[in-house]
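From first to last, the protein sequence lines are chains A and B. Going by the numbering used here, the first sequence opens with residue 4, and the numbers climb by one from there. Going by the numbering used here, the second sequence opens with residue 17, and the numbers climb by one from there.
One or more of the hints may lead you astray.
[Stated by the list, open to error] Which stretches of chain A does chain B cover? Using the computed rule of at least three CB atoms under 8 Å from a CB of chain B, they are: (1) 54–67; (2) 138–151; (3) 275–286.
Since the hints were made in silico from the structure, they are not lab data. In this text, a Cβ means the ideal position worked out from N, Cα and C, and glycines have one as well.
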Amino acid sequence: MNPDVHRLVDHLFRREAGKMVAMLARALGFDHLQLAEDAMQEALLSAMRTWALGGVPRDPSAWLMRVAKNRALDVVRREANFRGKEEQLTAFLEQRAASRPQTFRFEEEIRDDQLSLIFACCHPDLSRETQVTLTLKTLCGFGEKEIAAAFLTSPAAIAKRLVRARKKIRESRIALEVPSGAELGARLEVVLDALYLLFNEGYKASQGDELVRKELCDEAIRLAEILAAHPAGDRPRTHALLALMLFNSARLSGRADADGNILLLAEQDRSLWDRAMIEGGLAELNRSATEKEISEFHLQAGIACCHCAAKTYQATDWERILSLYDMLIAVDHSPVAALNRTVALSNVRGPEAALKAIATIPSPELLASYYLYHAVLGHLHFLLGDWETARLGFERAAELTEVKSEQAFLHRRASECAPRKSEAQP
Amino acid sequence: MSTTTKLPTREDKSMQTRSNTFLFIFRGGADPNQMSPEDMQRNMDAWFAWMNDLKSKGHFEAGEPLEEGGRVLKGRNGQSVTDGPYAEGKEDVGGFILLTARDLDYATELAKGCPIFANGGTVEVRPIQDMSAVRAEREQ
Numbered sequence: 004m005n006p007d008v009h010r011l012v013d014h015l016f017r018r019e020a021g022k023m024v025a026m027l028a029r030a031l032g033f034d035h036l037q038l039a040e041d042a043m044q045e046a047l048l049s050a051m052r053t054w055a056l057g058g059v060p061r062d063p064s065a066w067l068m069r070v071a072k073n074r075a076l077d078v079v080r081r082e083a084n085f086r087g088k089e090e091q092l093t094a095f096l097e098q099r100a101a102s103r104p105q106t107f108r109f110e111e112e113i114r115d116d117q118l119s120l121i122f123a124c125c126h127p128d129l130s131r132e133t134q135v136t137l138t139l140k141t142l143c144g145f146g147e148k149e150i151a152a153a154f155l156t157s158p159a160a161i162a163k164r165l166v167r168a169r170k171k172i173r174e175s176r177i178a179l180e181v182p183s184g185a186e187l188g189a190r191l192e193v194v195l196d197a198l199y200l201l202f203n204e205g206y207k208a209s210q211g212d213e214l215v216r217k218e219l220c221d222e223a224i225r226l227a228e229i230l231a232a233h234p235a236g237d238r239p240r241t242h243a244l245l246a247l248m249l250f251n252s253a254r255l256s257g258r259a260d261a262d263g264n265i266l267l268l269a270e271q272d273r274s275l276w277d278r279a280m281i282e283g284g285l286a287e288l289n290r291s292a293t294e295k296e297i298s299e300f301h302l303q304a305g306i307a308c309c310h311c312a313a314k315t316y317q318a319t320d321w322e323r324i325l326s327l328y329d330m331l332i333a334v335d336h337s338p339v340a341a342l343n344r345t346v347a348l349s350n351v352r353g354p355e356a357a358l359k360a361i362a363t364i365p366s367p368e369l370l371a372s373y374y375l376y377h378a379v380l381g382h383l384h385f386l387l388g389d390w391e392t393a394r395l396g397f398e399r400a401a402e403l404t405e406v407k408s409e410q411a412f413l414h415r416r417a418s419e420c421a422p423r424k425s426e427a428q429p
Numbered sequence: 017m018s019t020t021t022k023l024p025t026r027e028d029k030s031m032q033t034r035s036n037t038f039l040f041i042f043r044g045g046a047d048p049n050q051m052s053p054e055d056m057q058r059n060m061d062a063w064f065a066w067m068n069d070l071k072s073k074g075h076f077e078a079g080e081p082l083e084e085g086g087r088v089l090k091g092r093n094g095q096s097v098t099d100g101p102y103a104e105g106k107e108d109v110g111g112f113i114l115l116t117a118r119d120l121d122y123a124t125e126l127a128k129g130c131p132i133f134a135n136g137g138t139v140e141v142r143p144i145q146d147m148s149a150v151r152a153e154r155e156q
């Protein structure tokens, strides 16, 4: 024991919670997820009770794993469910606890545990919403309150969702295993889509607590890295998704000024972008290009890469971005993808061409309540010098978003139209 | 004028027996159902900060966490031995520290910084009776 108290590594408890649950769920079975989570919770509680007064152990991870293992063994001995399996489970848990944390073997075992948990949480029998919630709860160690903050819902609603998820896991007999053979491709696709959603929940600035959202991005990247490092997940699509997430995450730090005001891409201080993440994104983009396959992730990563590679806003290769968007809307028929393309189009062929393209987007009614649609319209009219229409666009967009920083940003843009409005009048 | 050490009078001696050592007893303060791992770590960091402060200012003397549960003995010869204490979880003593402070009011102020209150726990502040004068008298 270290007699001196000190600060713990950031998110240590949350990270260790994910590892403990992965290891214990592997031992006890995915249908006993709740028992695994209880044992994890008790281990952390025990640490909280004792470390402050008694000092932090030299190897906190090992300490937690040992306590969690002992709690799980108590459960195995006590619960009738495990009768007849005590010996096998005890052997498994003892063996796991015997391999020391920080060693290669331990890390490898834990990664395998986490990988099978990723596939189980993102099982196609579960709804997309449930997949992401379960992933955050079990693999990332998020509490119900934190998940609720990320999804702008109540902790009670999240708790209910988790109860239903556990019931579904038992009914569907979802097992903890890494799929193989013909099944693997389709299962991997579901996992990647869930991680993409998890990342976007964090990345999009439309809701929730700022800090929690950054953590969602970090977690999505961490899980995608686990996936990419394993033969089962080492596919071009996985690397493309990882590249996409790294490029976008790299720019998070420049998205707002010191007072939290959102900045235009053209206004951002590019020196604040995370160079290491951009380098990582480039490496992943290279790894994603080993086969002919070009997924939506590849195209989106390519677009994000263009932004990261541009030294200044003026140096942005909009031609290339536009051609990537052209390929993207050929496979992604969502009106949002088409709308995003028009921003690139405006930079290449001018705002009038962009406005014409917006008018041809199929099912525009889907965009009517989307704040960015009105913000883009405002921006294009602004470029054309149609101040009044521009102002209306920004104001409509501000009404449609609930995020204060976005409202402030849109009001600023609307106010930039005001003085020009009087200029424009004779 | 000679500087002779003034012998303590009876009155001074009674002053000396006024305690400047205190026992803080911690009860409850952790509801696992309402705490996420991140909450627990935040709580832990707050404890570290509080304890570091007590140490750096020279108040801290000793402290230990208690394991959960133990034995409770009762009856004329302590013949009734039960596992426990199983008081309500919230009342359970989680640990203690010994510290020095100039008086009870000051010790109380120090206790107010304890992070246990954020989770509904309590701190009991008890002055430790200073028996050193009595012991010294007995040895003479």
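For this session: Verify the coverage statement for the stretch 138–151 of chain A against chain B, using a C-beta to C-beta distance below 8 Å and requiring 3 or more qualifying residues.
Result: Holds: 6 residues of the stretch 138–151 of chain A have a Cβ under 8 Å from chain B.
Problem set entry | Coverage criterion applied to the stretch 275–286 of chain A (partner chain B; beta-carbon cut 8 Å; 3 residues) | As far as the stretch 275–286 of chain A goes, the hint is violated, because 0 residues have Cβ atoms under 8 Å from chain B.
Problem set entry | Coverage assertion for the stretch 54–67 of chain A with respect to chain B, Cβ distance below 8 Å, three residues required | Our answer is that it holds, as 4 residues pass the Cβ test (under 8 Å) against chain B, meeting three.
Taken one by one, the earlier hints fail for this structure only at number 3.
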